[in-house]
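*Asks:* Listed here are the chains, written in short residue letters.
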Amino acid sequence: MRNRWGLPDLGIGVGLRTVHYSHILEAKPEVDFFEVLSENYLDTGGRPLWVLDQVAARYPIVLHGVSLNIGSADPLDREHLSKLKALAARTRAHWVSDHLCWTGVAGRNTHDLLPVPLTEEALRHVAARVKTVSDILERPLVLENASTYAEFTSSSMPEWEFFGRLMEDADCGMLLDVNNVYVSSFNHGFDPEAYIDAIDPSRVAQYHLAGHTNKGTHIIDTHNDHVIDAVWRLYRRSVARTGNVSTLLEWDADIPAFGVVHAEALKALAHRRPEKAVAAAAS
Amino acid sequence: MQAVIEQPGAVDDAVEAAAARAELEPADIGRVIRPSKTLTAVERVGVYQGMYLLRMVEALEGDYPAVAHFLGDEEFADLVTRYVAAHPSSSYTFNRLGRQFPEFIRASRGVRRKAFVADLAHLELAVTEVFDAPESPAWPADEIARLPQDAWERAVLKPIAAFRLGAYAYPVNAYLQSVKDENHDHPDAGRKATCVAIWRKRYEVWRLDLSKPAYDFLGALANGRPFGKAVASAARRLQGGAGDQLFRWLRDWVAEGMFEGFEAA
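As they're listed, the protein sequences go chains A and B.
Taking my numbering, the leading residue of the first sequence gets 1, the next gets one more, and so forth.
Taking my numbering, the leading residue of the second sequence gets 1001, the next gets one more, and so forth.
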């Protein structure tokens, strides 16, 4: 199944991280695409942007942000959006994503992905802002489900229902982070398969996979380890519904050598539909 | 929720802070946040609250590694805690978080070797600004010779965007270098006036210790003083052979890519 915007299956990608700059520029590894943390390149004219230009000239790029603050009561940051649009044009990004969350109010940024109350009011609020952002960026916004550690008592629907209605109302796409589904299901006690099965497959523009840290009482989305088997199983279940969709491995702490990160990402081939796995193996 | 997250210390103390109580009394948190099977409502907020300051410390440690090294983990974290309480992040990017850090240190009480640390922070801020400044093409070194003789007197040199000059009361550049070299035998941090040029060449940040006369001359040129007046002023301060010395400095600075060109005043 193709997503409704015709966004391509870029294959298996990894996040572009500073510690791998030299390796990527010198070794030019065979990678299907790179995901770029947008905010790291919006306010610099130095080496990071120069590296990004080299990478974008060779590889497909998607932009992924952490400060859109789409769920906040604060006004949207027009400067941020203007720079984001320019960066998307500069890198010829296939799409732009951020998170369903809020990062701060009263003009502040906690630089964390805070949970949104899953209410009718919040749904209307976020949908209106997603439409505004999509209009400014002149492309459909793709939103990721964040890992959450707290729930509001005011929430009146499960996150998958909120996401489904948001995507319909605002015509946006979903970056389905399978690890985040697992993390949140552990923290909140819901069935992760029910979440996966409820998502409209035509809305899934990209997958995220990552490792996490299980504290016993709760799981933290630390992006510092290999993907666990239970997350791979959820990924396989979801791919069976969506077909092959661009898939990215995040590894942001205790980052190992590029080859280790890439090898972990390529494990996804074993869980995707055969045609892409065969094609990738042949190449 | 944010009012609790931004508080330092344990979450049980954070919910009791005045800023947090102004939003919600601790006893009412359970009315807003649902407990899980394993965590209370306050503990769940504490997951976010516990990570907030760690994130701020990590971000500022990236911009101020030498300050962090000098103060040590505990003192640096304490300083950051007070700093972000006064200057919380208000931008989509961490790049702007530390802009007021040097001045905050200078105005703060209880910072060990405060004047040295503030100078060190100023130098590290300059390094960060140079790292992120827009790229501008450097003036080719061989074009100095092509500038007509009669144009020099009124020529105004324009530094590249990625250029800063700093004058300090302490040898902070030597200290920063020792941290970058992971040299545990740090130079004496005693009072000693130093001057440093910081600039970017081929996307790398460079730092150059300058004598006071060289600093004054480079500063005059970088601040738009016409070349003839800058030379005359510098020559008065130097002893014999000033012309040759000034020319060598200029040639070296242009060769290092500190200027992007000149304008006739």
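Certain hints may be false.
To be verified - Heads up, simulated DSSO-like pairs for lysine-lysine below, C-alpha to C-alpha not over 30 Å straight-line:
1. LYS85/A x LYS1229/B
2. LYS215/A x LYS1201/B
3. LYS1201/B x LYS28/A
4. LYS83/A x LYS1201/B
5. LYS1229/B x LYS1201/B
6. LYS267/A x LYS28/A
7. LYS28/A x LYS1158/B
8. LYS1229/B x LYS83/A
Because the hints were derived from the structure by calculation, they are not lab data.
*Asks:* Each of the hints needs a verdict: does it hold here or not?
*Replies:* Now for the hints, and whether the structure bears them out:
1. Distance check on the hinted pair: LYS85/A and LYS1229/B sit about 46 Å apart at the alpha-carbon level, beyond 30 Å; violated.
2. At roughly 46 Å between alpha-carbon atoms, LYS215/A and LYS1201/B are farther apart than 30 Å, so this suggested pair is violated.
3. Restraint check for LYS1201/B and LYS28/A: the C-alpha separation of about 24 Å stays at or below 30 Å, so the hint holds.
4. Taking the CA atoms of LYS83/A and LYS1201/B, the gap is about 25 Å. The hint holds against a cut of 30 Å.
5. Between LYS1229/B and LYS1201/B the alpha-carbon distance is near 28 Å, which keeps this suggested pair within the 30 Å criterion.
6. Among the hinted pairs, LYS267/A with LYS28/A is consistent with the structure: their alpha-carbon atoms are about 20 Å apart, no more than 30 Å.
7. Taking the CA atoms of LYS28/A and LYS1158/B, the gap is near 37 Å; set against the 30 Å cutoff, the hint is violated.
8. In summary, the hint linking LYS1229/B to LYS83/A is not supported, as the alpha carbons are separated by about 41 Å, beyond the 30 Å threshold.
Consistency with the previously given hints fails for numbers 1, 2, 7, 8, ordered from lowest to highest.
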